[in-house]
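Visitor: Heads up: the sequence lines are chains X and B, in that order. Numbered according to the numbering used here, the first sequence spans residues 67 to 177. Numbered according to the numbering used here, the second sequence spans residues 2 to 113.
If you are wondering where the hints come from, they were derived from the structure by calculation, not from laboratory data. Remember, it's a predicted structure, so these values are computed and weren't measured experimentally. We put the beta carbon where it would ideally sit given N, CA and C, even for glycine. Careful, some of the hints might be misleading.
What the hints assert, rightly or not - A few chain X residues facing chain B, derived, Cβ under 8 Å:
1) Ile-114
2) Ala-132
3) Lys-135
4) Arg-169
To be verified - In silico lysine-lysine, BS3-like type, Cα no more than 30 Å apart, as pairs:
5) B:Lys-79 x X:Lys-69
6) X:Lys-120 x X:Lys-69
7) B:Lys-79 x B:Lys-63
8) X:Lys-120 x B:Lys-79
9) B:Lys-79 x B:Lys-12
10) X:Lys-118 x X:Lys-69
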Amino acid sequence: LAKTTQPISMDSYEGQEVNITCSHNNIATNDYITWYQQFPSQGPRFIIQGYKTKVTNEVASLFIPADRKSSTLSLPRVSLSDTAVYYCLVGRGSTLGRLYFGRGTQLTVWP
Amino acid sequence: DARVTQTPRHKVTEMGQEVTMRCQPILGHNTVFWYRQTMMQGLELLAYFRNRAPLDDSGMPKDRFSAEMPDATLATLKIQPSEPRDSAVYFCASGLSGDEQYFGPGTRLTVT
Chain X
67 LAKTTQPISM
77 DSYEGQEVNI
87 TCSHNNIATN
97 DYITWYQQFP
107 SQGPRFIIQG
117 YKTKVTNEVA
127 SLFIPADRKS
137 STLSLPRVSL
147 SDTAVYYCLV
157 GRGSTLGRLY
167 FGRGTQLTVW
177 P
Chain B
2 DARVTQTPRH
12 KVTEMGQEVT
22 MRCQPILGHN
32 TVFWYRQTMM
42 QGLELLAYFR
52 NRAPLDDSGM
62 PKDRFSAEMP
72 DATLATLKIQ
82 PSEPRDSAVY
92 FCASGLSGDE
102 QYFGPGTRLT
112 VT
């Protein structure tokens, strides 16, 4: 079971780009990297998933180096509403193996 | 807009009582997960089902917890007897054979 390490907390200001890095040294060949976002009093919400190189959607970008031992979630021009906990997960998909959420990174965006 | 629903949203009970939490997954999803979230432990996977069959419940205390899927539209998590240390928010999530899990709003359980 591949576990992840990410910062406990980060602070940013509105309009800035935020990069959250996650370490996953024991990632397996078949593992994907997935990021979730959780607001207070809500369940986590899927943001983005990737296997290698770069993935971009309307919400974020995910950068994965060649060795895949880390990944970086990039949030462009954050707003106050991006204040949330962000989880980095490594696994083989929701139906094939257990996903470990860990403690996540508390991102606080200030005005 | 399809969503996972959970009932009850809040439950306060006394130690020793049975607690039953219910989840209605998104129609058509074949995988259902139960998670528990506390400040101390974060978000922990308790059990998950695929096509109503339990695939992994190793994260669940077997002596007091049980999870079932009586049919494709209902998943239940029972605690009997409940203890104060079971106080947490319990989330249900559902998904298809891909990797995206859709979470419900959670059941906040308080055991006194």
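Visitor: Compare the structure with each hint and give your call.
Guide: Right, here's what the structure says about each hint:
no.: 1; hint: Ile-114; result: violated, 10 Å
no.: 2; hint: Ala-132; result: violated, 22 Å
no.: 3; hint: Lys-135; result: violated, 20 Å
no.: 4; hint: Arg-169; result: holds, 4 Å
no.: 5; hint: B:Lys-79 x X:Lys-69; result: holds, 28 Å
no.: 6; hint: X:Lys-120 x X:Lys-69; result: holds, 21 Å
no.: 7; hint: B:Lys-79 x B:Lys-63; result: holds, 11 Å
no.: 8; hint: X:Lys-120 x B:Lys-79; result: violated, 42 Å
no.: 9; hint: B:Lys-79 x B:Lys-12; result: holds, 13 Å
no.: 10; hint: X:Lys-118 x X:Lys-69; result: holds, 18 Å
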